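Those protein sequences? They're chains A and B, same order as listed.
Numbers 1 to 565, taken from our numbering, label the letters of the first sequence in order.
Numbers 1 to 457, taken from our numbering, label the letters of the second sequence in order.
It is possible that part of the hints are untrue.
What the hints assert, rightly or not - Computed cross-link-like contacts, EDC-like style, restricted to lysine to aspartate or glutamate with a CA-CA straight-line distance of at most 20 angstroms: (1) Lys195(B) / Asp312(B); (2) Lys173(A) / Asp112(B); (3) Lys173(A) / Glu376(B); (4) Lys338(A) / Asp387(A); (5) Lys32(B) / Asp387(A).
What the hints assert, rightly or not - Now the in silico label distances, taken between C-beta atoms and shown as ranges: (6) Ser60(B) / Glu172(A): 25 to 33 angstroms; (7) Arg57(A) / Glu302(B): 48 to 56 angstroms; (8) Asp323(B) / Pro158(A): 28 to 36 angstroms; (9) Thr225(A) / Ala208(B): 54 to 62 angstroms; (10) Glu172(A) / Ala139(B): 23 to 31 angstroms; (11) Lys140(B) / Ala478(A): 23 to 31 angstroms; (12) Gln54(B) / Thr246(A): 49 to 57 angstroms; (13) Ala478(A) / Asp112(B): 53 to 61 angstroms; (14) Val87(B) / Gly440(A): 35 to 43 angstroms; (15) Asn189(A) / Ser60(B): 29 to 37 angstroms; (16) Asn189(A) / Glu302(B): 17 to 25 angstroms; (17) Asp133(A) / Asn410(B): 20 to 28 angstroms; (18) Lys270(A) / Lys140(B): 49 to 57 angstroms; (19) Glu373(A) / Ala139(B): 50 to 58 angstroms.
In short, the hints are calculated from the structure, not lab data.
Quantities reported herein were computed from a predicted structural model and do not represent experimental measurements.
C-beta: ideal position from N, C-alpha, C; glycine also.
Single-letter residue listing:
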Amino acid sequence: MYIRKVTINNYRSFRTFEAKLQQLTVVIGENDTGKTNFFTALSLPLSGNLIDFNQKRLSVSDINKDSVIDFLTSVVNDDTEENQLKKIPKVSVTVEFADPKDAYETALLAKWIVVDGDKETYKIRYDFKPKDDKDLLEVVKKSFAGKILDDINWFTLPVELYDYQVVSVNNEKPIAYSDLKHVSLHSINAERDDFSESSSMKSNSIFTKLLMNTLNDDDKGQINTAYSEFFSAIEKTETFDKVIRTNDDFENYDSIIKQLECTPNLPNLKNILSNITLKYGNEFLYQKGLGQRNLIYILILFAYYKSCGDTFNLCCIEEPEAHLSVNNLRLVRDFIEKSSSNSGSLVQTIISTHNPSIINKLKISNVLAFTGEKAISLSDTPTKLVDYLRKRPNFDILKLLFANKVILVEGPTEEMLISTYLSKQPSLNDIDIIPIGQRGYATFLDIWLALNKDNQNKKIGVVRDYDNSDAAKAKHDAYDTAHANVTVRTTTNYTLEIDLVEAEDNLALLNDLFEMEGDLDAVSKHMINGKTARMLDVCDAMVDEENPLDIKLPAHIAEVIEAVS
Amino acid sequence: MIEVQIAGAGAGKTYGLAKTLIEHIEACTSHKKTFALTYTNSATAKIEQEIIKQHGFIPSNLCIQTVHSFLLNEIIYPFSSFTLGDVYNDASIMMLPSDARFKNWHLKRLKDKNIIHAESVYNIAKQIVDETTKHNNRAKKAKVRRLLAILGSCFDKIFIDEVQDLDKDALRFFEVLGCNDIDIYMIGDPKQAIKFPQDLDAFVQKLAQKKYATILPINNQTRRVPREILTVSNSFCYENQQQESLSEMVGELMYIESTDGRYDDLLTHYLDTKQLVCIDKKNGRYTTSSKHKHSFPREIEEMIRDSNHKKDKALFVKAAFSDFMDDAINEDNKKAISKLIARHSLALNKQHFAQLHELCNSCTKNDVQFKVQSIESIKGLDADVCVIILSPNTLKYLTQNGISKANRFNKEWKKIYVALTRAKKRLVLALDHDLLAKEDMAAVRDSIGELGFVTHN
């Protein structure tokens, strides 16, 4: 089973928001697109690592600000009561489970069954809303009487009249904790540097839980025995007698003191275990570097999930790459990949990342991209591209998806030429060049369009070689025609070098550079045969400090740059 | 698979059920839940106590609850929207008018608010799982089958005590579950089927021919009822259900008349010493109803819930109801109602007033002398002494005087069996001359004398 869909209303940055999840989901997005808010929103309808229900009670700053302002505006403007009631800001987070794998999972979800067309799903919803809409409206009206919008602060919404509940969507009935505890969320948030700090000791609490789940009765018995032995050892030192001495001044003092004794204060096993702290090598874990601590945090957490066989666990990790060195990053990446696929279907994993190699290795088809308004699942990415990226983990997929102005080129020759040209024009240095290393741009354009189709602030250009294929040209040109923010240009000749030599006075300049006296054909052949080395020569000459070579760009490249800039 | 065990009064059903439950739970390895269902909350408590006595604690995968609570929480609330398309998320026990048309109007109003009335629980539960009822096309039937598969993943076995209190809808509900891979064990006594006298008999007859059902040999032993009392009660048993006593007690059959100076004192004494004193239905000096059987009509309840207070809403309504009932008992209806209105600043319409009056009338006034129990409410209970206050009707059935064959084993008949089988030692008939004013008392004495009753000593 897994959570297939999440719908969020009026929570923090989300006015209305919907996201589709998979067994493993990789959340990506620029800063401030709501990744962290998404993780905290998910914790609302589920039970959590902190069995602290106070966390579910929101404050006014958790309610989407626009929705609050809308409501207050409608009150101040004396809108009809019907509209005012409709606009009362209410937070809700709905999660939809799907695909129970066996009888046990069916039993966990059964009571939340909902029919959606001919599909069966299981839905629960967190609500944070007024206990009584009319009461709230009345209070707000009273306190805002005679005021204008400018006088009003949005955070004066009387949130104390609100209450939260988690309901089953099929009957709107609150879900008992005994049922809800079977679906839980554990998260490692981005601000986790205190994980193994001696003061907070989160590492220990997770480790304690892990021990409680995995120790068998015999082990527990032994620990208990050892614990009482520890106390008898203390007793034997007779510290107590040394501390509280006899006192001759009072008659009954000694007889009272004699009755006193040291004894264990009968803690439960969990209390005993929580006194354990983690050591790594010869040091306490909290003395180790952040990277090491992070690594161990993630490893322990997954071990813990595996130990809770009877509950569904949604495991959320923000930026697992934080603080990790190259080697540890690879370890964590592989660990997450293996753990999420071996953990059985009661574990679902969501990670957020800014690291291309994590995205590429954990499959682009698992990616959920946040654009600020919506979340786009890339689950339909063709297998070919998924495999390509897994083989090229360092391909900068984030640049492709999120850069404002980006030009795709085939290989390093184009990249060098264009980069060199751009470096000479300070106004153009916000354009990113990505060498694809292969000829088919279509899948890359598809995936870019999935995110950026309707966003005219984002522009993409494609510089391609003709290669004597009209069919391929036509196929790529279609993208250019269909989308205003896509520009596709192809060489007129077979390949880039010929177009370059042909442009304006380039033939003469290049003949000079290469100390040749060839025609178009000869010079371009010379360049083609010399591959990137010749292009490097050209680029070096272009940026020569004393006498820069004034090479002009071929028309197709110039047009692409013009279009994206 | 369905197993049906018939066992007479005092056969040790609760003890045996607890034992079977513990054995089952200990052998059970799956995650699925086992349910033990009874008709009343007090019977639920009895099973819980028995399990704790025998096992030490209640296992976590054993749910002991009333049939109603089971049907509401495990079937109707979660699944009525799935197969019926109707949403229910609350239940009401408000008083319903007896007129069918008014009643349906009220039920409909409740349904519009997603509330189910306790009276409809059996029927709706049956509709949810029985594809032969409302589900008239293939898609709907498929949903019912899917639901049954889901329930099969959730329930291991369901044990039902006092199964004679279920009506034919509830019996059908469990039959459907039983033939869909959920084990059902039913134990009960058709001789005590007061509410639905014929339903269990008909059900057992039907099941006897089904492959998925086993009717276990009838248990006709009783640990409670002494031999002397059985001589009377056995004449109310089916031929194959005559009981044998394992009790070592010597039973006593007695009667006392209201003309006897000791009558009031004796009755009071038995009541004070927590013996069972029962009557067919409230009459004259005797009353039976308990004040919390009902609740406010839904609309009034909502007004009170949402009236201006800062307290817990559910508790507030309960307290208001309790206050109202106290007023109704101690003062007259009008005063009680006007107090209620003033307290919660209610704006009531004509119909609300009528409902409240009816509610007031249902409760006991303080001027009655004896608060006794109805025969229905002592089912499942026992005591050393059981006193039966005879009404003309009870007398007629007890002496089987002029009862036609068609009326044998009806509601009244079965009530007599229940009343006769409560006492572990002494069974007392109370003859109140006011209640039996039309009877020829000499003939009454003769006929109960024939049954073996002697004057109370």
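* To do: Could you tell me whether the CB distance from Lys270(A) to Lys140(B) stays inside 49 to 57 angstroms?
  => Holds, at about 50 angstroms.
* Range hint compliance [Cβ, Lys140(B) to Ala478(A), 23 to 31 angstroms] -> Violated: the Cβ-Cβ distance is about 47 angstroms, outside 23 to 31 angstroms.
* Taking 28 to 36 angstroms as the hint, is the beta-carbon distance of Asp323(B) and Pro158(A) inside that range? -> Holds - the Cβ-Cβ distance for Asp323(B) and Pro158(A), about 31 angstroms, lies within 28 to 36 angstroms.
* Gln54(B) and Thr246(A), beta-carbon distance inside 49 to 57 angstroms? -> holds (54 angstroms)
* **Distance restraint hint 20 to 28 angstroms, applied to the beta-carbon atoms of Asp133(A) and Asn410(B)** => This hint is violated: roughly 53 angstroms between Cβ atoms.
* Pair hint Lys32(B) and Asp387(A), alpha-carbon separation not exceeding 20 angstroms -> Violated. Lys32(B) to Asp387(A) sits at ~42 angstroms, over the 20 angstroms cutoff.
* Asked: If you check the beta carbons of Ala478(A) and Asp112(B), does the distance land in 53 to 61 angstroms?
  -> Holds - the Cβ-Cβ distance for Ala478(A) and Asp112(B), about 56 angstroms, lies within 53 to 61 angstroms.
* To do: With respect to the beta-carbon atoms only, verify the hint that Thr225(A) and Ala208(B) lie 54 to 62 angstroms apart.
  => For Thr225(A) and Ala208(B) the Cβ distance comes to about 59 angstroms; the hint holds.
* **Distance restraint between Lys173(A) and Asp112(B), which requires alpha-carbon spacing of 20 angstroms or less** => holds (15 angstroms)
* Does the Cβ-Cβ separation between Asn189(A) and Glu302(B) fall within 17 to 25 angstroms? -> Given range 17 to 25 angstroms: violated, Cβ gap about 43 angstroms.
* Outcome for the supplied range 48 to 56 angstroms, where the beta carbon pair is Arg57(A) and Glu302(B) -> Violated, since Arg57(A) and Glu302(B) (Cβ atoms, about 26 angstroms apart) do not stay within the stated range.
* Is it true that Glu172(A) and Ala139(B) lie within 23 to 31 angstroms of each other by Cβ? -> holds (25 angstroms)
In summary, the structure is inconsistent with hints 1, 3, 5, 7, 11, 14, 16, 17, 19 from the numbered list given earlier, while agreeing with the others.
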